[in-house]
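Chains as they are written, first to last, in UniProt numbering: chain A, 1 to 457; chain B, 1 to 457; chain C, 1 to 457; chain D, 1 to 457.
What the hints contain is simulated information worked out from the structure, not anything from laboratory work. It is possible that part of the hints are untrue.
No copy is singled out in the list; a pair is fine if it fits within one copy or between any two copies.
Unchecked claim - Below 30 angstroms or equal to it, Euclidean Cα-Cα: the simulated BS3-like pairs (lysine-lysine) are:
#1 Lys-231 <-> Lys-313
#2 Lys-289 <-> Lys-446
#3 Lys-190 <-> Lys-244
#4 Lys-359 <-> Lys-170
#5 Lys-17 <-> Lys-327
#6 Lys-17 <-> Lys-140
#7 Lys-244 <-> Lys-417
#8 Lys-52 <-> Lys-267
As the structure is a prediction and not an experimental result, all values here were calculated from the model.
There are 4 protein chains.
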Amino acid sequence: MTNLHTLKIAYIGGGSKSWARSLMNDLALESRISGKVALYDINYEAAVQNAKIGNQISQLEEAKSNWKYEAVSTMEEALSESDFVIISILPGSFEEMASDVHTPEKYGVYQSVGDTVGPGGFVRALRTIPMYVEIANSIKQHAPDAWVINYTNPMSLCTRTLYEVFPEIKAFGCCHEVFETQSLLAEVVKEFLNEEVAQRSDIKVNVLGINHFTWVNQASYQNIDLIPYYKQFVEKYAETGFEKEEGSWKNSVFSSCQRVKFDLFKKYGVIAAAGDRHLAEFMPPIYLKDPETVSSWKFHLTSVDFRKENLKKRISENEELAEGNHKFEINSSGEEGVKIILALLGVEEVVTNVNYPNKGQIEGLPLGAIVETNALFRNNTVQPVFAGRLPLDIHNMVHRHVLNQESALQAALTKDKQLALNTFVNEPLLTVSREEAEELFDEMLKNTKDYLPGWAI
Amino acid sequence: MTNLHTLKIAYIGGGSKSWARSLMNDLALESRISGKVALYDINYEAAVQNAKIGNQISQLEEAKSNWKYEAVSTMEEALSESDFVIISILPGSFEEMASDVHTPEKYGVYQSVGDTVGPGGFVRALRTIPMYVEIANSIKQHAPDAWVINYTNPMSLCTRTLYEVFPEIKAFGCCHEVFETQSLLAEVVKEFLNEEVAQRSDIKVNVLGINHFTWVNQASYQNIDLIPYYKQFVEKYAETGFEKEEGSWKNSVFSSCQRVKFDLFKKYGVIAAAGDRHLAEFMPPIYLKDPETVSSWKFHLTSVDFRKENLKKRISENEELAEGNHKFEINSSGEEGVKIILALLGVEEVVTNVNYPNKGQIEGLPLGAIVETNALFRNNTVQPVFAGRLPLDIHNMVHRHVLNQESALQAALTKDKQLALNTFVNEPLLTVSREEAEELFDEMLKNTKDYLPGWAI
Amino acid sequence: MTNLHTLKIAYIGGGSKSWARSLMNDLALESRISGKVALYDINYEAAVQNAKIGNQISQLEEAKSNWKYEAVSTMEEALSESDFVIISILPGSFEEMASDVHTPEKYGVYQSVGDTVGPGGFVRALRTIPMYVEIANSIKQHAPDAWVINYTNPMSLCTRTLYEVFPEIKAFGCCHEVFETQSLLAEVVKEFLNEEVAQRSDIKVNVLGINHFTWVNQASYQNIDLIPYYKQFVEKYAETGFEKEEGSWKNSVFSSCQRVKFDLFKKYGVIAAAGDRHLAEFMPPIYLKDPETVSSWKFHLTSVDFRKENLKKRISENEELAEGNHKFEINSSGEEGVKIILALLGVEEVVTNVNYPNKGQIEGLPLGAIVETNALFRNNTVQPVFAGRLPLDIHNMVHRHVLNQESALQAALTKDKQLALNTFVNEPLLTVSREEAEELFDEMLKNTKDYLPGWAI
Amino acid sequence: MTNLHTLKIAYIGGGSKSWARSLMNDLALESRISGKVALYDINYEAAVQNAKIGNQISQLEEAKSNWKYEAVSTMEEALSESDFVIISILPGSFEEMASDVHTPEKYGVYQSVGDTVGPGGFVRALRTIPMYVEIANSIKQHAPDAWVINYTNPMSLCTRTLYEVFPEIKAFGCCHEVFETQSLLAEVVKEFLNEEVAQRSDIKVNVLGINHFTWVNQASYQNIDLIPYYKQFVEKYAETGFEKEEGSWKNSVFSSCQRVKFDLFKKYGVIAAAGDRHLAEFMPPIYLKDPETVSSWKFHLTSVDFRKENLKKRISENEELAEGNHKFEINSSGEEGVKIILALLGVEEVVTNVNYPNKGQIEGLPLGAIVETNALFRNNTVQPVFAGRLPLDIHNMVHRHVLNQESALQAALTKDKQLALNTFVNEPLLTVSREEAEELFDEMLKNTKDYLPGWAI
Ligand SMILES: [Mg+2]
Ligand SMILES: [Mg+2]
Ligand SMILES: [Mg+2]
Ligand SMILES: [Mg+2]
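The following block holds chain A by itself, in its conformation from the complex (with noise of 0.2 angstroms):
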């Protein structure tokens, strides 16, 4: 039995801008656990910087419960007793990502986000991964029991790692792509059923893919099978696209009008439950043939420019933090990270969906693969619902993904250069000469040598 008022929780990436945000105003909110959070990061004093806030949230008068901050400077300090691990890292810098994203361009590749798959989610995989080679060492011997739970992208991978070095670890990844679906599915309820949804897990739905290609093959509110009204929703707002405010996706590089989402519902009768920009990448060059094609399809290439100039906006924004020279307001993030923790420690069960090993819970896939679905979380245990079989057309799509991050992985873990490169031109979105696509690995794998020790580059 554990303590549910001297917990610890570990934090590996702990200087992060945005996820530690989250998890320190979601534990705040929280009455029914507390206890330490051990920030750990390579930049020491973003971690600092961090505590400095989280302790802040903890002295607020709206806080539910009292939360200890602390950096630490070794991640065996972070480890050593935690409870809880949270992974949520940035492999890199914003250099080598920028890279992730721009450099195919010059070959007439476009991506949106680059850090899942395509060329730029492969790349950010093979420096990732061993990172998390490292992560899962030092799990293995410091908080072998610990539960795991990983944010960072690419999120298969990832977690795929953590299991390839410590096959007994008990880790899991979450997400929230699947929720937007299920909002927008409330939405559903709303124009055709003229029904407001009390909360977004009110929507019932069968998950399963993998991150970021996840698909939802059943969705039901209350007795009501919501298959047929997402048709109808879908005929309706496939040409314009849906939005709640109308031109709103305009204000944010990281907002869409669904029209990628309903795209592929006609195309292949099943909601892609997933942000337009994740979906698009794991597609032949569709959606993303080149940025007037994406704004034709309202949705957004994100710059890393873009992200650097928001990175800084939040850093100046923390630093005001940190000194205390703002006040704080505690929201709740809409993450589920301490929902499925409660649940962990016995509080509540929660059905959710997670990023786990396929135990046979999506027919089809192989075994040890990590997928998308549904699972039971209850008192120490994270049990994966059996969530079917893909309709054969997405089935092949998702199971190409699957084989190439298999063989991406194997390609890092033993820096076989020609392996990463057969794996590389597999990539749907690289339409690509063969001998473009090797220029263009060779300059990628340059940009990001720095992390890629070992590597005859």
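Keeping the supplied structure of chain A fixed, place chains B, C and D with the ligands upon it in accordance with the hints.
Showing chains B, C and D with the ligands alone in chain A's frame:
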């Protein structure tokens, strides 16, 4: 969307003297659904009588919903347009059951129930399977979209036959044995933690195995792991047994003091989650060596004469009830059938144990075998929850029964007497010589030959 | 026991202009078996002509056995009481084939054969599958115990269809492409070891993959591992290509200089064991980018006009032969059909490569998919030999085709145009935009619509 | 390329009194290979003696090749630079073997061999597995590329242990029991077809099962299916048994009249392909009920006293031989070890039965379990041949033993006495009460405790 107040339930075996009453009670206590129940039984009069009783219950003041009961004379009539099908039949008469249970006693083979495994369960399966072939074909034709809930034993083989004949069937089997284990664990909480568990389902268990030979390898209450407490409990009560009221086990042939369960924990380290009478039959004759041994383990052989007497009582009680000579009281049965029906109608989701084809929820057992694990019930879906792998020594025992069940099914479907015999002799309870086993087999087959058309007996 | 001298072979597609002759020759050269051959063809006249030719061959002095050839007018007549069934049909006419091969050229998509994968192979499959459904049903009814040998392309899908319709069928598919690889390895032995290999089959190879995209990861001659020598060979000839007679590749559209094969070895490290024309079609348009690229890799696009011309020649040649105006010469065809028939008759056992459902002989590919590996042929049995696992990067490419083939089959069986389209766009050769792909698909379907009854075209 | 005349064979258990001689003879009769044999034995003197004998055999005029034998004092010395490793050890002394075979007799449990399954085989396994752990580790370190041939019993568990410890090992196990079945089938051919089979291997059999409980479901000679003839043969000889020379079975404790084999065919319809002494031990005590029953089935219990006497004779014989006091004769042993070595050296390919991890060659048995089927041996490869699925009733019996073997392995590796006991009681031969089984287990463990370091005995 199914209308929650015009439901149709088909009840195959609707003349039943016990399960039918449980259902009537539970339906009457649930205000959120209503409709009609078609009772079909080869004994039409019994169905008529139950219809009368059911309709009277519906009229009672305490009844929260108004269900209409009707006896029908064909299975087709019952099934047509039904939303749910409940199957709870007596395969054959008490004469055949008497042979199942008592013929082996001539050879020194004792059985406490004789309806699941052992020589009795095996022969019962041979005669039940053709009935389930007929039912499955009828469902395929008349109610292919209905949800089918089986209560008949042998549970695994009945459910397995449904899927063999009609693979797209939406069927599962329910049994309350695990609930008793949860209740026992609630007693453990009371004894060692001094806390009163509000409801049985607050005890969370991971269920895995096959019906009546089901195991629990994880059990918790809130954030408390109950396994170490169960261990203490077993140590304390292994010799004396455990009862809520001392000596009460002697008052009912269905009662026990859990000594078999405790002994299995001592031998195998995991909680056996069924009644002692069932568990004993899956093992070699450790607990069923002879009547004295049975008594020493503080459980009972259930004689079929007793069942006959018991039935007579219930029949006359029913007659009284049907004629309206008695005041009814509506009591919840403790079964979960109605709760599951509610979940399948999207009213509220539930996680509970169920008998269902193995989709991988138990690692290492053949896919398609009927296994018992938790499942998530939601609007129009049942999804098994991944349960993991049994400890090797238990796995071996369970697997042996799974293999026997598969060849029993094939023997029954092909009327292959040699295969049947070669399977019969694999029953762990049967340690007589091969010659005696063959003789016993012949005798038992002869006794049940009215239900084995086409066999060379 | 089958009488070796009263055999009956049914030949479906018995009007064939090439395979039929190969069989006639090989049968005539084998003294240990004899009997009759029933030739069935939708072009009855062509079958009659072949029967005449066959019977003349039987009369020749060099003929070691006397086979009787007869044209029959129904498939049933051919199949009844047959011991072996050979299937070698032309699915559709040259008009459809012309569309398969040349319509994609309008979109810049070039194919060297167009009968296996790529847009042409895919559409060919859609029209061939219904024919194979009919053949399989006829075999099930009229010759369920016969051995069935398929020679038609697309090999994998033809054979897969036979098993889908009649799972107990005793069928497999034969293709000579691997033999060419053995012959090439014999050249390697000659060049580097200065030894003349007596016969092709003395080169032992481990075969794994799918038809026409088959790989050899182990090759030996006596106790010599040939892989290192093949590596040297590739290094020497990668640029120039290899031919026995210099320049001879230009004399036949079916010839090549193995440059594709060598390049694949350089990229993937394992021997690609099919002709360059076939291999190129399984890859993205590396080798088939445009006609100039094809020439630079020293192989050919096979135009259907050429095939038409070629056929005309063969027809007039056949007419001459049928009328007895020509002197025959009996030459062994180099095919292994008769050798395998001998093995299945218990005359002598043989190990050779074959297309057969995956029973696990290739690890990691789905069970039931038609794969190509070695098998052991003995009296009345074919047993695949365990071949292991492909290297990850090759596995991914092969698996992608396997997945496409499975959904092509389902699309063809259910006449599901959307599924067909969603599969079509997965062809690696097709890197045009989604819009163009849809347009091309529609055009190609229209061109073959005579063979797609029931489709919404 | 391995030089065929500078081979090195390591012989673990090189002091052996019988297998070593077989190998020496077979090597001497084969001209195509030569080299040296390093004999390692914990009894160094015995190895020295065998070296002397081996070198004398090499000198004989009839010897076709010159092998040099040398006794070495460490396993490392034997293994280093070896091309082949042969393992044939006696695990423990005759004292432990006497306990294995005879201690159960006190409880009425009789065993005819006691080295594979049954209480004796089980306990033998417990003490052998640690020895194989050591051997496997040594091979991993000193001869990772060598081919390893196991002859020690329990065959399945010895081979399984090698793979558990060193998964990349190139190991398999050889046993001659199936050969006897081929010879018996040659007698069937003689009797009913009046033909003399030239060599045993002309009888083609499909082998499937586990060592000593191996089955043949297809058997042919040329184009003749032998199963119907075997059926007649069994009908004729079931009661009397079959012998080449009448009454000869009484002259050797290793002989039988095949009555067990015939009875199993009558019961299960498939040929049991091992000696009666082995087969009987896998079944419940049908054939081994008591010594009288054994006699009535016309086979023998092999007492360890007999083995001791027998060994004494062989020792003195060996001494004479070693001293050169006797004239040698070189006779082929009938074993296939050398033939397989030739195949692995690329000299000539062979298909024969072998014990190897299940890669899917037997459907329905767990992957990785050591099963016995045919395999194709070629230059540096062994590849199992797909054997199909056992009939359900036999499958169940075989599977039960496979499960026991897996948990025996785990018990031995983890020294888990409770798991060992829970596995021990699953032995079909053991139908005593649980109490007696526990007592017997304790006694047997104590008797072998010198070989169970680290166990809580
Ligand atoms: Mg995400
Ligand atoms: Mg029950
Ligand atoms: Mg071909
Ligand atoms: Mg043996």
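Evaluated hints:
1. Lys-231 <-> Lys-313: This pair counts as neither: shortest intra-copy Cα distance 41 angstroms, inter-copy 57 angstroms.
2. Lys-289 <-> Lys-446: Both: 25 angstroms inside a copy, 28 angstroms across copies.
3. Lys-190 <-> Lys-244: within (12 angstroms within a copy, 52 angstroms between copies)
4. Lys-359 <-> Lys-170: For Lys-359 and Lys-170, the Cα distance is within 30 angstroms both inside one copy (14 angstroms) and across copies (23 angstroms).
5. Lys-17 <-> Lys-327: within (17 angstroms within a copy, 70 angstroms between copies)
6. Lys-17 <-> Lys-140: within (27 angstroms within a copy, 50 angstroms between copies)
7. Lys-244 <-> Lys-417: Answer is neither; intra-copy 46 angstroms and inter-copy 35 angstroms both fail.
8. Lys-52 <-> Lys-267: neither (50 angstroms within a copy, 53 angstroms between copies)
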